[in-house]
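Undergrad: Same order as they appear, the protein sequences are chains A and B.
Residue 77 in this note's numbering is what sits at position 77 of the first sequence, and the numbering runs on without skipping anything.
Residue 457 in this note's numbering is what sits at position 297 of the second sequence, and the numbering runs on without skipping anything.
Simulated from the structure, these hints should not be mistaken for lab results.
Any given hint might turn out to be false.
Computed cross-link-like contacts, DSBU-like style, restricted to lysine-lysine with a CA-CA straight-line distance of at most 30 Å [as the list claims (entries may be wrong)]:
1. B:Lys267 / B:Lys232
2. A:Lys80 / A:Lys96
3. B:Lys550 / A:Lys80
4. B:Lys177 / A:Lys80
5. B:Lys550 / B:Lys237
6. B:Lys237 / B:Lys177
7. B:Lys237 / B:Lys493
8. B:Lys237 / A:Lys80
9. B:Lys232 / A:Lys80
10. B:Lys550 / B:Lys177
11. B:Lys319 / B:Lys364
12. B:Lys232 / B:Lys472
To spell it out: a stretch of chain A is covered by chain B in this simulated footprint if at least three of its residues, at any positions, have a beta carbon under 8 Å from a beta carbon of chain B; those stretches are [what the hints assert, rightly or not]:
13. 31-42
14. 74-82
15. 90-102
16. 127-133
17. 141-150
Every residue gets a Cβ at the ideal spot worked out from N, C-alpha and C, and that includes glycine.
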Amino acid sequence: MGLTSKLGEMGVITVRLEDAVNWARTRAMWPMLFGLACCAIEMMSTQASLYDLSRFGMELMRPSPRQSDLMIVAGRVTRKMAPVLRQLYDQMPEPKWVLSMGDCASCGGVFNNYAVVQGVDEIVPVDVYVAGCPPRPEQLIHGIMMLHERVKQEHISDWA
Amino acid sequence: MTGIRDSAWEGDLEQLKGLVSERALTGETMVLNMGPQHPSTHGVLRLILELDGETIVNCTPDVGYLHTGIEKTFESKRYEQAVVLTDRMDYLNPLGNNLAYCLAVEKLTELDVPPRAQYLRVLLAELTRINSHLVWLGTHALDIGAMSVFLYCFREREKVLDIFEMVAGQRMMATYFRPGGLWRDVPEEFEPAVRDFLDYFPAKIDDYEKLLTENPLWRDRTQGIGYLSADDAVRLGCTGPTLRGSGVNWDIRKAIPYSSYDHFEFDVPLGQHGDVYDRYLIRIEEMRQSLRIVRQALDNLPSGPVRSNNRKYVPPPRSEIGHSMEALIHHFKLWTEGFRPPEGEVYVRVESPRGELGCFLASDGSPRPWRVHFRTPSFIHLSALPHMAKGHMIADLVGIVGSIDIVLGDCDR
């Protein structure tokens with residue numbers, strides 16, 4: 001109504017289903033509220049006032065894996081936590097993505113020892129790695145934008 | 161109501177004996193698993209709760225989900241390399257951890273620290289305290305249901321992080337303190353930036369108080385919850401705001417001053433009731449006192465070097481290396497082999513935002529520590545949690561967990 005009166009008749013847009021669905025998925029990705037260590041604090045900063053992740057439709061952090069489609073692994077994954085993380089990943093509904101935030105989650109970082117899993121990609125498939133110890137909020141946002149670009153290129157044939 | 165036998169408990173029942181009462185085994189009370197993935201456990205804490213309806217009968221913390229093996233990793237790093245690891249223990253108090261470790265190394269090697277470095281250490285440690293309390297306040301209020309406070313706290317936190325970035329080049333993990341002093345002197349823009357913050361921040365603390373202190377909902381959710389008597393607090397080994405909330409006057413900055421804390425005037429706020437609300441009031445007041453210390457440190461900042469000139473332990477400045485053969489040799493020795501402190505054991509404690517942070521260091525005379533142990537306040541406070549939680553509703557548990565301000569990285573390391 002308001003839009004039509006302002007801009008006139010807008011007509012019909014034709015778009016491929018693939019593009020429309022991918023566009024919609026990038027505009028409302030719900031990350032899981034899942035903090036492990038130091039990076040979780042920077043993830044909170046990214047959510048909060050100055051960096052404001054809600055600009056990208058991501059203000060809703062869901063504490064339940066059943067309601068989220070993006071897992072941001074923020075921090076070091078220990079051997080005790082690894083099975084829990086895998087279970088959480090399995091509980092997320094498709095489609096789902098994993099972003100490995102920080103050096104520890106990506107490759108073990110400074111902790112090359114008995115306790116830390118040397119990269120979360122040993123237990124879950126990772127879409128985007130963000131380097132840094134911890135990464136700045138800008139870096140995390142950059143990682144998320146990269147993930148969006150990646151999602152936009154997904155094909156309908158791969159969905160099934 | 162389901163007992164353990166009916167519920168989807170996957171663990172070994174034998175392990176639970178002693179942690180839950182006999183009533184749980186008959187199905188009279190319910191055993192509930194809270195965490196490690198839970199929005200208000202501040203990381204990866206797991207609590208095994210035995211519930212009678214909504215009332216907590218037993219509460220057993222299960223820690224170790226963030227056990228990183230930091231103490232073991234220390235043994236394979238040289239003394240000056242290991243500073244990097246201390247930041248990542250209690251990640252809300254990186255500079256405080258640096259301070260505890262550096263003080264321990266300095267005690268072991270009997271290094272002297274120039275006054276300017278000591279003042280800057282105090283200044284930055286207090287800013288870190290403010291930083292940590294801001295995260296605590298934001299998340300604690302968020303847990304209890306006051307969302308907006310979180311956004312305000314993180315807005316102010318960015319200002320402190322900007323100061324850290326200015327001096328150290330990193331927002332959070334600064335690694336700015338080194339054995340014998342600081343990494344480098346602060347830049348020129350440091351003083352105006354801190355003064356800006358000092359002018360800006362007091363009004364913001366008042367804003368938080370307006371939102372919470374007199375708020376009837378906040379008071380209902382926090383007053384009389386998580387009571388800890390002074391005797392129990394001492395008996396359970398509590399320190400920091402958790403202990404002072406119960407009215408015990410014990411602050412390591414006053415009792416055993418380190419890094420020239422005895423040069424500064426500040427008050428130690430004490431609580432009367434030992435509940436969640438009093439611990440909240442104390443941390444708010446501590447932020448004001450920290451500002452006082454920062455102001456004094458900045459006003460009386462001595463000039464001079466920021467690193468000890470004991471070349472056996474502290475590398476020479478870059479400018480000397482170009483024309484002094486001796487400096488070049490010292491530099492080469494320190495960066496290839498590291499320094500060798502005398503044999504011995506030391507224990508140093510500092511007041512972290514959470515309580516007493518102790519660093520035990522054992523040296524066998526080699527360039528790497530033989531054993532490092534950290535006495536971390538979060539671990540001790542977590543062992544006091546069951547005592548505080550018993551008899552309360554499950555919804556109050558998140559408030560109690562928030563009020564002892566645990567950081568799981570600090571607890572499990």
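Undergrad: Need the list of violated hint numbers for this structure, in ascending order.
TA: 5, 6, 15, 16, 17
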